[in-house]
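Protein chains in written order, with my numbering: chain S, 1199 to 1501; chain L, 2 to 153.
It is worth saying that the hints were derived from the structure and are not from the lab. Owing to the predicted nature of the structure, the values given are computational and were not obtained by experimental measurement. No residue lacks a Cβ here, since even glycine has one placed at the ideal position from N, Cα and C. Treat the hints with care, as some may be off.
Mimicking DSS-like on lysine-lysine, the simulated pairs with C-alpha atoms at most 25 Å apart in a straight line are [stated by the list, open to error]: (1) S:1476 with S:1340; (2) L:137 with S:1370; (3) L:137 with S:1212; (4) L:95 with L:11; (5) S:1283 with L:114; (6) S:1425 with S:1357; (7) S:1391 with L:137; (8) L:114 with S:1278; (9) S:1340 with S:1400; (10) L:95 with S:1283; (11) S:1287 with S:1237; (12) L:11 with S:1357; (13) S:1425 with L:95; (14) S:1202 with L:137; (15) S:1212 with S:1400; (16) S:1476 with S:1438; (17) S:1357 with L:114; (18) L:35 with L:83; (19) S:1357 with S:1438; (20) L:114 with S:1287; (21) L:26 with L:114.
Partner residues are not named here, just some residues of chain S that face chain L (Cβ under 8 Å, in silico) [stated by the list, open to error]: (22) 1226; (23) 1281; (24) 1282; (25) 1283; (26) 1303; (27) 1305; (28) 1307; (29) 1325; (30) 1373; (31) 1387; (32) 1390.
Here is how the chains run, residue by residue.
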Amino acid sequence: MSAKSLVSISDYSKEQILRILDLATGFEACPNQRILEGKVAATLFFEPSTRTRLSFETAVNRLGGKVIGFSDAATSSSTKGETLKDTIKMVSNYADIIIMRHYLEGAARYASQVTDIPIVNAGDGANQHPSQTLLDLYSIRKTQGRLEGLNIALVGDLKYGRTVHSLLMAMKHFPSTFYFVAPEELAMPAEYKQFCRDNGIKWHETSVFSQEIINQADIIYMTRVQKERFTDLVEYERVKNAFILRNNMLDNSRDNLKILHPLPRVNEIAQDVDDNPKAYYFQQARNGLYVRQAIISSLLDLV
Amino acid sequence: MADKSEMQVKALKNGTVIDHIPSDKLFKVVSILKLDKIDSEVTIGNNLTSRLMGRKGIIKIADRYFEEDEINRIALIAPKAKINTIRDYEVVEKKIIELPEEISGLVRCVNPKCITNNEPMEPCYRVVGRSPLTLKCCYCEHTMSQEEIKLL
């Protein structure tokens, strides 16, 4: 059973990625179309994620489709001990496409093997969240006019940050230079640095979020530094304010600079940045709608 | 009269001899190949002296031959094993074990949050490094080093 699914960003070739971005451009120009008329999408959220679920459900609704599903495993039969396989098989009888978030890693891959309708992975534990990666790429291309030859600073938790790992994996198709800016405890793991070496991605690493890095960046991708990630709380206290972006730090930054963040933000981007035109994280989230419209309609062969 | 210090198990007429199995993995090999569930004659020797590996195990299975992907399932635990195919008392083929590209079952994923550790399903791994051995889970995408590999 191998319907077209989107489980991992590495499943997509460069051409497939660009096709989604091009389709998303079309949906941004015209987000209300009736191409999903008569189709049912199931959103199965075994783990709550309001932001992602609303984005996917809005994508379906604006294309004229209907949505069924659950937003929390507590209201599904998995609490009665039903296997994932059985839940997927049952829902496959009703829906044309399944959009799922699961707390277990690899859940979406397994689901795609037990059904013949498309699966969209809306996050499987700490593993993959490919629609986030595609909307990040869309936001970069839209604001910079290209994906290649950029200076991209990834800032914050680069050890556990799923979004930055997936972004790196996708950027192997689009040569740019990366700056990994993280406290030592949350540095980019060795396997991703090796991935960069293997794929000719240039990178620099530092534990200092310096003015120099900000001033030469085209994109600053901020992530949250979470207290619970630290084994040494003294270390957390020492670095917690060192990875916060404030508006006055942007004074000498490039005109084309845009600040991205996968959201939710806590305090790593100060509120005073929000009114700076270089702040792009809320538009970035809106781009997720168009990208998800592109993903769904592409998997259903409607475009 | 045969020299008693050279006591041999009975020579095999037709079948397969698996030699150079690490002694501590011999019974695991028996179970992976399901030799405990077959009717034909099986002779097992273990802790035999080996110049190559100190101590070794050997298994002779009468009237039974193995497909390549079947026998390669023991590559993870007995990478140096040699497979001799016997017909009419003669060794007609000698094979060494080869690690397949993909491994189904056998190994428990090191990641407790992997779907394979939480659903009644068969795990699956891609061999992404051979020396040192590195496996990548086809589901959660975690990579496992040799030390982390635990058999099911």
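Verification of the hints:
no.: 1; hint: S:1476 with S:1340; verdict: holds, 13 Å
no.: 2; hint: L:137 with S:1370; verdict: holds, 20 Å
no.: 3; hint: L:137 with S:1212; verdict: holds, 23 Å
no.: 4; hint: L:95 with L:11; verdict: holds, 20 Å
no.: 5; hint: S:1283 with L:114; verdict: holds, 17 Å
no.: 6; hint: S:1425 with S:1357; verdict: holds, 13 Å
no.: 7; hint: S:1391 with L:137; verdict: holds, 17 Å
no.: 8; hint: L:114 with S:1278; verdict: holds, 20 Å
no.: 9; hint: S:1340 with S:1400; verdict: holds, 22 Å
no.: 10; hint: L:95 with S:1283; verdict: violated, 43 Å
no.: 11; hint: S:1287 with S:1237; verdict: holds, 18 Å
no.: 12; hint: L:11 with S:1357; verdict: violated, 59 Å
no.: 13; hint: S:1425 with L:95; verdict: violated, 59 Å
no.: 14; hint: S:1202 with L:137; verdict: holds, 23 Å
no.: 15; hint: S:1212 with S:1400; verdict: holds, 19 Å
no.: 16; hint: S:1476 with S:1438; verdict: holds, 23 Å
no.: 17; hint: S:1357 with L:114; verdict: holds, 17 Å
no.: 18; hint: L:35 with L:83; verdict: holds, 18 Å
no.: 19; hint: S:1357 with S:1438; verdict: holds, 15 Å
no.: 20; hint: L:114 with S:1287; verdict: holds, 22 Å
no.: 21; hint: L:26 with L:114; verdict: violated, 28 Å
no.: 22; hint: 1226; verdict: violated, 31 Å
no.: 23; hint: 1281; verdict: holds, 6 Å
no.: 24; hint: 1282; verdict: holds, 6 Å
no.: 25; hint: 1283; verdict: holds, 7 Å
no.: 26; hint: 1303; verdict: holds, 4 Å
no.: 27; hint: 1305; verdict: holds, 5 Å
no.: 28; hint: 1307; verdict: holds, 5 Å
no.: 29; hint: 1325; verdict: holds, 6 Å
no.: 30; hint: 1373; verdict: violated, 24 Å
no.: 31; hint: 1387; verdict: violated, 11 Å
no.: 32; hint: 1390; verdict: violated, 12 Å
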